[in-house]
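Novice: Chain by chain, the residues run as shown.
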Amino acid sequence: MRGGVAVFVRRLRSSLRGWGGVGAMAVGCVLALAFVLLLPLTQSHGEGGDGGTLGGQGLANGSQAKAGSCQESEAQNDTWSPSSADGPTIEAIKARKGDARKLIVGVDQNSYRWGYRNPNNSDADLEGFDIDLVHQIARDILGDANAVIFKAIPTSQRIPAVEDKQVDMVVRTMTINCERLADVAFSAPYFKTGQQVLAPRSSSIRGYDATLAHKTVCTADTSTAFKKVTADKASGKLPSSVKVVTVPNQLDCLVRLQLGEVDAVITDGALAASQAAQDPTLKLEGPAVTTEYYGVAMNKSAQDLVRRVNQILVDYRADGWQASYDRWLSATLGTDSSASKPPAPQYLRKS
Amino acid sequence: MTHPPISSAAPPGAGSALPTPPPPRRTAFAEGIDQLRTAATTEPGRLRLIGAVLALLIVAFGAVTAWQMTARANAADDVLHHSQPLSSDAAEIYRSLADANTAASSAFLAGGQETDASRELYESDIRNAATLLVTAASNAEPGSPADKAVTKLNTLLPEYKGLVERARVYNRQGYPVGGAYLRYANDKMQQDMLPTAQDLYETENTRLSSDYADATPYPWAAMALGVVALAALAWAQLRHYRRTNRLLNHGLVAASGATVVTLLWLVVGHAVARSGLEGSYEHGVRSLTVLHDARIASLKARGNENLSLVSRGAETIEVDGKSYDTYYYHFDQEMAALGDGLAQAAKLADGPADSKPVVAAEANMKAWKQRHSAARQADENGDYQTALDEVIGTKDATAECFESVDKNLNTALTLEKHEFQQRATDGRDAMTGLPIGAAMLGVAAASGALFGIGRRLSEYR
Chain A
0 MRGGVAVFVR RLRSSLRGWG GVGAMAVGCV LALAFVLLLP LTQSHGEGGD
50 GGTLGGQGLA NGSQAKAGSC QESEAQNDTW SPSSADGPTI EAIKARKGDA
100 RKLIVGVDQN SYRWGYRNPN NSDADLEGFD IDLVHQIARD ILGDANAVIF
150 KAIPTSQRIP AVEDKQVDMV VRTMTINCER LADVAFSAPY FKTGQQVLAP
200 RSSSIRGYDA TLAHKTVCTA DTSTAFKKVT ADKASGKLPS SVKVVTVPNQ
250 LDCLVRLQLG EVDAVITDGA LAASQAAQDP TLKLEGPAVT TEYYGVAMNK
300 SAQDLVRRVN QILVDYRADG WQASYDRWLS ATLGTDSSAS KPPAPQYLRK
350 S
Chain B
0 MTHPPISSAA PPGAGSALPT PPPPRRTAFA EGIDQLRTAA TTEPGRLRLI
50 GAVLALLIVA FGAVTAWQMT ARANAADDVL HHSQPLSSDA AEIYRSLADA
100 NTAASSAFLA GGQETDASRE LYESDIRNAA TLLVTAASNA EPGSPADKAV
150 TKLNTLLPEY KGLVERARVY NRQGYPVGGA YLRYANDKMQ QDMLPTAQDL
200 YETENTRLSS DYADATPYPW AAMALGVVAL AALAWAQLRH YRRTNRLLNH
250 GLVAASGATV VTLLWLVVGH AVARSGLEGS YEHGVRSLTV LHDARIASLK
300 ARGNENLSLV SRGAETIEVD GKSYDTYYYH FDQEMAALGD GLAQAAKLAD
350 GPADSKPVVA AEANMKAWKQ RHSAARQADE NGDYQTALDE VIGTKDATAE
400 CFESVDKNLN TALTLEKHEF QQRATDGRDA MTGLPIGAAM LGVAAASGAL
450 FGIGRRLSEY R
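Just so you know, the protein sequences line up as chains A and B, in that order.
The numbers in the first sequence follow numbering that gives the first Met the number 0, run straight up by one, and end at 350.
The numbers in the second sequence follow numbering that gives the first Met the number 0, run straight up by one, and end at 460.
Pulled out of the complex, with its shape left as it was, chain A reads as follows (with noise of 0.2 Å):
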């Protein structure tokens, strides 16, 4: 009776630990499924947040519809003539009292030789071509060219910010297009530059062209790159063959690429040299496959803003333009900067 009562009390035990085993195995797969489904929400989520490209955004996109007779190839030129005159948003700007009588500026902080904040620097301060460019605005406008606050500002801020008016102006690798120029008014283009690709150096890949075939590429996400990128694989200008792997920011297709996750980014050739020049085994690979030109963005109003920058970029271009570029862009850009130097602007705006 005993032994009876023992096996049975056993028998029951071992059974409910049949189903407790079988329980915890299915809680296990529950978790597991969770999260196999969970974890492409959270990193969609993640890159998600439009932290895109540090170049322009949206250029190749039509918006002449948004922008009234904008056109495309025209866009750089839609500007106020230069004027030294200053109107009512400088004289805001200079009526600023003790410490806060500053520019604020919304600029980069990641993009190396463009705006970066080098830790090595005393106070870390910020460095690149984008910085000169505004230390020589400021020196101009209130006589004292460190008399700046830098506002660093995602890619996604940057025009909310100048709409309204965290900052004055942004000088952030920022590409004049139609579709922005419905929102802020751009100084006249003071870099010029153009979708290229950046692979390593012992790559067979020489350019954006069939080379690319079997290949994956990395962008930024909703950048002008993917859009290209997407649009031309399916028009057949680039094999279909072609991956494409999408980051929060362009600095993130370094990342990828020096962990040979990715075999070439594509971005502006501006930034592109910027990738290059954290990495000698890189290499721009073939000719930029658009003409895109950097602009400082402002608000629709300053106009009087806009024709001062106009003509201190008129000076800067005769004089401190070349040795910014020099100092910063030359080791990756080449010497010749005839490339990156924009034409003799034009005026076209009138109103």
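Honestly, the hints are just simulated from the structure, not real lab data.
Take these hints with a grain of salt, some might be off.
Derived DSS-like pairs (lysine-lysine); straight-line CA-CA distance at most 27 Å [what the hints assert, rightly or not]:
#, chain 1, residue 1, chain 2, residue 2
1, B, K187, B, K151
2, A, K164, A, K214
3, A, K93, A, K299
4, B, K160, B, K406
5, B, K187, A, K242
6, A, K236, A, K299
7, A, K340, A, K282
8, A, K242, A, K232
9, A, K93, A, K227
10, B, K321, A, K214
11, B, K346, A, K164
12, B, K406, A, K299
13, A, K226, B, K321
14, A, K191, A, K349
15, A, K93, A, K191
Simulated coverage check for chain B against chain A, where a stretch passes if three residues somewhere in it have a Cβ under 8 Å from a Cβ of chain A [stated by the list, open to error]:
#, segment
16, 172 to 180
17, 313 to 326
Between beta-carbon pairs, the in silico distance windows are [what the hints assert, rightly or not]:
#, chain 1, residue 1, chain 2, residue 2, range
18, A, D122, B, E402, 17 to 27 Å
19, B, K321, A, A99, 20 to 30 Å
20, A, A144, B, A116, 35 to 45 Å
21, B, A116, A, A99, 53 to 63 Å
22, A, D122, B, H417, 45 to 55 Å
23, B, E402, A, A212, 27 to 37 Å
24, B, T134, A, S329, 52 to 62 Å
25, A, D98, B, N409, 40 to 50 Å
26, B, E317, A, G259, 23 to 33 Å
27, B, K394, A, D98, 31 to 41 Å
28, B, T114, A, D98, 30 to 40 Å
29, A, Y346, B, E317, 51 to 61 Å
30, B, K394, A, P159, 20 to 30 Å
31, B, N409, A, P159, 38 to 48 Å
Cβ atoms here follow ideal geometry from the backbone N, Cα and C, with glycine treated the same way.
Given the coordinates of chain A, work out where chain B should sit on it, guided by the hints.
Specialist: The following block gives chain B in isolation, referenced to the frame of chain A:
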């Protein structure tokens, strides 16, 4: 045996070999019943039967008590020495990883001015995680979810470390791609490693809960058998009194006494053990879990605070149509989680001694929030160096607040761990000796019953 051979089931050829089928044999059960019926017709027979039944009931009671209490005592011992330490270890793996991630970003921000202390903190966190993973691996069954989680973490840990080292090297050279590497390392930590560590923690907690579930249920079978045995003993004595007019049968009285003692020991011992174990769960495990979660939240908040200065606006997140800096957004989320956790921990704390470190941590957290908003404002106004000093500096920086929060939470965790161990040990000790005692008392009681019945039987010879 119990099935009579049925001739119709036999093949026709074989059936023809048997001249006449024998009469079906009666079952053993029916024969036994008959024997018992015969035996019960005489008083000695009845006495023998009663003696056998009493002895069996008492032995069964003792055996079931011993068995059920052994299972519970073992489970309680597992709670104390196996599953809770493993659950604690898993929590510690999680904490070490999160802490390493935070330390890596602090060291990164300091750049070339990285201190020995911050480097050592990062290295010791990594070592600690690696060591604990070995323990966890040796306690996981091959192929189990815990085993898979440990394997995955073992693969990811060197990958993570490689990314952090690259980030460091590039940063020292002054290349911004260093920051991108650190963000990538952070992504790996937040999206692959910490969720896996969380899985491991949950698996170990399942084991802990199941050990608690094995240790605390009432031993109903033993109790019921005890009551039945006592009732049978009472009936036998009443019968004895009616038949013989003798008030006491020494053997049966001794048997009853031993059974009562065993039953009382069982009920009281288990009740004490149960309350000790439940107390260890309510006052130990629950507080430990809440404090652990709060500590993780503070670590993650600190990591995000550091990374906001590393990323400098490189990543944004869109919530309800508004765009935020990814790391500042997550900082606010984690600080809210820390606040909730601390409030809950304060509620669970038993008395002022337990709640003191929690209250102190709440004060640290408030100071942290204030200093953080000052640092964030400096950062947003482009005063990066001030922001950096206010976050990783040595004077009035948020680093100080974070470290105080962490220290106070560690104190609180140590207190609660002590509380858990004390209560769980008390609970387990209440069951010590019960299985052996029940077995011995059972044997003694059964002997008593047989002896008492034997005395009566001898009167018939």
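Novice: Now tell me, hint by hint, if it's right for this structure.
Specialist: Here is what the structure says about each hint:
For the proposed pair K187(B) and K151(B), the alpha carbon gap of about 12 Å is at most 27 Å, so the pair holds. Between K164(A) and K214(A), the direct Cα distance comes to roughly 43 Å. Violation of the 27 Å bound is thereby established for this hinted pair. Using a Cα cut-off of 27 Å, the hinted pair K93(A) and K299(A) holds, with the two alpha carbons roughly 19 Å apart. A hinted pair counts as satisfied when its Cα atoms are at most 27 Å apart, and K160(B) with K406(B) qualifies at roughly 25 Å.
Between K187(B) and K242(A), the direct Cα distance comes to roughly 22 Å. Compliance with the 27 Å bound is thereby established for this hinted pair. Note on K236(A) and K299(A): the hinted pairing is violated, with a Cα-Cα distance of about 37 Å set against a maximum of 27 Å. A threshold of 27 Å between alpha carbons decides the hint, and for K340(A) with K282(A) the separation of about 21 Å falls inside it, so the pair holds. The straight-line distance between the Cα atoms of K242(A) and K232(A) is roughly 10 Å, inside the 27 Å bound, and the hint therefore holds.
Proximity of K93(A) to K227(A) is assessed by CA-CA distance (about 43 Å); at most 27 Å being required, the pair is judged violated. For the suggested pair K321(B) and K214(A), the alpha carbons sit about 36 Å apart, so the restraint of at most 27 Å is broken. Between the alpha carbons of K346(B) and K164(A) the distance comes to roughly 47 Å, so the proposed pair goes past 27 Å and is violated. Only pairs whose Cα atoms come within 27 Å are accepted, and K406(B) paired with K299(A) is rejected, the gap being roughly 53 Å.
With a CA separation close to 24 Å, the supplied pair K226(A) and K321(B) stays within the 27 Å bound. For the proposed pair K191(A) and K349(A), the alpha carbon gap of about 24 Å is at most 27 Å, so the pair holds. Restraint check: the Cα-Cα separation between K93(A) and K191(A) comes to about 31 Å, which exceeds 27 Å; the hinted pair is violated. Requiring three or more residues with a Cβ within less than 8 Å of a Cβ of chain A, the coverage given for the segment 172 to 180 of chain B holds, as 7 such residues are present.
As drawn, the segment 313 to 326 of chain B meets chain A at 8 residues by the rule of a beta-carbon pair under 8 Å; at three or more, the given contact holds. In this structure the supplied range 17 to 27 Å holds for D122(A) paired with E402(B), their Cβ-Cβ distance being about 25 Å. The hint said 20 to 30 Å for the Cβ distance between K321(B) and A99(A), and at roughly 27 Å that hint holds. A hinted range of 35 to 45 Å holds for the C-beta pair A144(A) and A116(B), which are about 39 Å apart.
The hinted window of 53 to 63 Å between A116(B) and A99(A) is violated, with their beta carbons roughly 38 Å apart. As the Cβ distance of D122(A) to H417(B) is approximately 48 Å, the hint placing it in 45 to 55 Å holds. The hinted window of 27 to 37 Å between E402(B) and A212(A) is violated, with their beta carbons roughly 54 Å apart. Checking the proposed 52 to 62 Å range against T134(B) and S329(A) shows it holds: the Cβ atoms sit about 57 Å from each other.
Judged by the Cβ atoms, the range 40 to 50 Å given for D98(A) and N409(B) holds: they are separated by roughly 42 Å. Our hint of 23 to 33 Å for E317(B) and G259(A) holds, since their Cβ atoms are close to 31 Å apart. Under the hint 31 to 41 Å, the C-beta atoms of K394(B) and D98(A), about 22 Å apart, miss the expected range. Between T114(B) and D98(A) the CB atoms are about 32 Å apart, so this pair conforms to the stated range of 30 to 40 Å.
Restraint check, Y346(A) to E317(B): a C-beta distance of roughly 37 Å breaks the suggested window 51 to 61 Å. Checked against the hint of 20 to 30 Å, the pair K394(B) and P159(A) fails, with Cβ atoms roughly 36 Å apart. Between N409(B) and P159(A) the Cβ separation comes to about 43 Å, which falls inside the hinted range of 38 to 48 Å.
When each numbered hint is compared with the structure, violations occur for hints 2, 6, 9, 10, 11, 12, 15, 21, 23, 27, 29 and 30.
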